[in-house]
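Colleague: With chain Y held as given, fit chain S onto it using these hints.
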Amino acid sequence: GDSVTQMEGPVTLSEEAFLTINCTYTATGYPSLFWYVQYPGEGLQLLLKATKADDKGSNKGFEATYRKETTSFHLEKGSVQVSDSAVYFCALTTNSGGSNYKLTFGKGTLLTVNP
Amino acid sequence: DAGVTQSPTHLIKTRGQHVTLRCSPISGHKSVSWYQQVLGQGPQFIFQYYEKEERGRGNFPDRFSARQFPNYSSELNVNALLLGDSALYLCASSLVGANYGYTFGSGTRLTVV
Chain Y
1 GDSVTQMEGP VTLSEEAFLT INCTYTATGY PSLFWYVQYP GEGLQLLLKA
51 TKADDKGSNK GFEATYRKET TSFHLEKGSV QVSDSAVYFC ALTTNSGGSN
101 YKLTFGKGTL LTVNP
Chain S
1 DAGVTQSPTH LIKTRGQHVT LRCSPISGHK SVSWYQQVLG QGPQFIFQYY
51 EKEERGRGNF PDRFSARQFP NYSSELNVNA LLLGDSALYL CASSLVGANY
101 GYTFGSGTRL TVV
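Residue numbers (the numbering used here), protein chains in the order written: chain Y, 1 to 115; chain S, 1 to 113.
To be clear, the hints were calculated from the coordinates, so they are not data collected in a lab.
A portion of the hints provided could be inaccurate.
What the hints assert, rightly or not - Taking CB as the label site, the calculated pair distances span:
#1 Asp62/S - Val82/Y: 44 to 50 Å
#2 Gln45/Y - Leu11/S: 19 to 25 Å
#3 Ala53/Y - Gly28/S: 28 to 34 Å
Claimed, not checked - Short, incomplete list of chain S residues facing chain Y, as computed with Cβ under 7 Å:
#4 Gln41
#5 Phe45
#6 Gly107
A virtual CB, placed ideally from N, CA and C, is assigned to each residue, including glycine.
Just chain S, same shape as in the assembly:
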């Protein structure tokens, strides 16, 4: 069975640009979350979606947005990129919620120059 898949794996963008990151959850998983991991730090929660509805949002600016599609895949969008947005962006899926343990993808490494 395929795990959580994310695309692209690496990305280089210029300040001020926009980026879209994509995630496909494990088949049957309806909950998808996004995390930002800055080098040397633990992942920070950005969004969670369940059954295509936003269930939670972390302390991130409005430049960050996301959505979940009918097939439960998800996109994370970041507008007006800043150098500080450079990080590993992780997608995680779960059957219901975090108690069951999320399965993480390998992430998208975003570099903003």
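Here chain Y stands alone, though its shape is the one from the complex:
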């Protein structure tokens, strides 16, 4: 079955530091890849996505590149802010046999940014 593995958290950084959160996946079909963010007490928000190999998703200074050869979709940001403190989830869905209907999530990575 499909699965997503994220780097273990928590991750604690100082403001303006560089962020990388690793994500690798296993998929039965050809997946689309997503990063979702969850702020305290809230639901999930789509941060960025990529639907085919070598695509780069980007939003709010965050980037992730779909690497089919390494089955990875690592999240990066050049300079984090305190407001980026949240839980980040890597997720995938596969368009395989008409099953393009569910997201498979990683366990999430808690990011805390200190001023």
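Modeller: Same frame as chain Y, now just chain S:
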């Protein structure tokens, strides 16, 4: 425009009871999915409905059921509640499918005591 709205926001139930959670999708979205998020874990897929038909079901017992109404709103029902059902229940809507990115509601926090 209103986002995905869920009600209630918080709920406390006793073991063995039944609960109904409600979700209204973004206007124009015909696909609604339900996810369970246990504390410290990623969301787990429960159901997806599209055009009022069930399109997928996750690995959850038959105590969990759902339906979608003609206005595309949805209900999730859980019978014979167990302590382990305590979680954040998230509803998500989409135009067609997950490729387009789901929009999630803020969830219903269910506590079973």
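Colleague: Run every hint past the structure and note whether it holds.
Modeller: Going through the hints against the structure:
1. Asp62/S - Val82/Y: 44 to 50 Å: 45 Å, holds
2. Gln45/Y - Leu11/S: 19 to 25 Å: 23 Å, holds
3. Ala53/Y - Gly28/S: 28 to 34 Å: 31 Å, holds
4. Gln41: 6 Å, holds
5. Phe45: Holds - the Cβ of Phe45/S comes within 7 Å of chain Y, reaching about 4 Å at its closest.
6. Gly107: Interface hint status for Gly107/S: holds (5 Å vs cutoff 7 Å).
Of the numbered hints stated above, none is contradicted by the structure.
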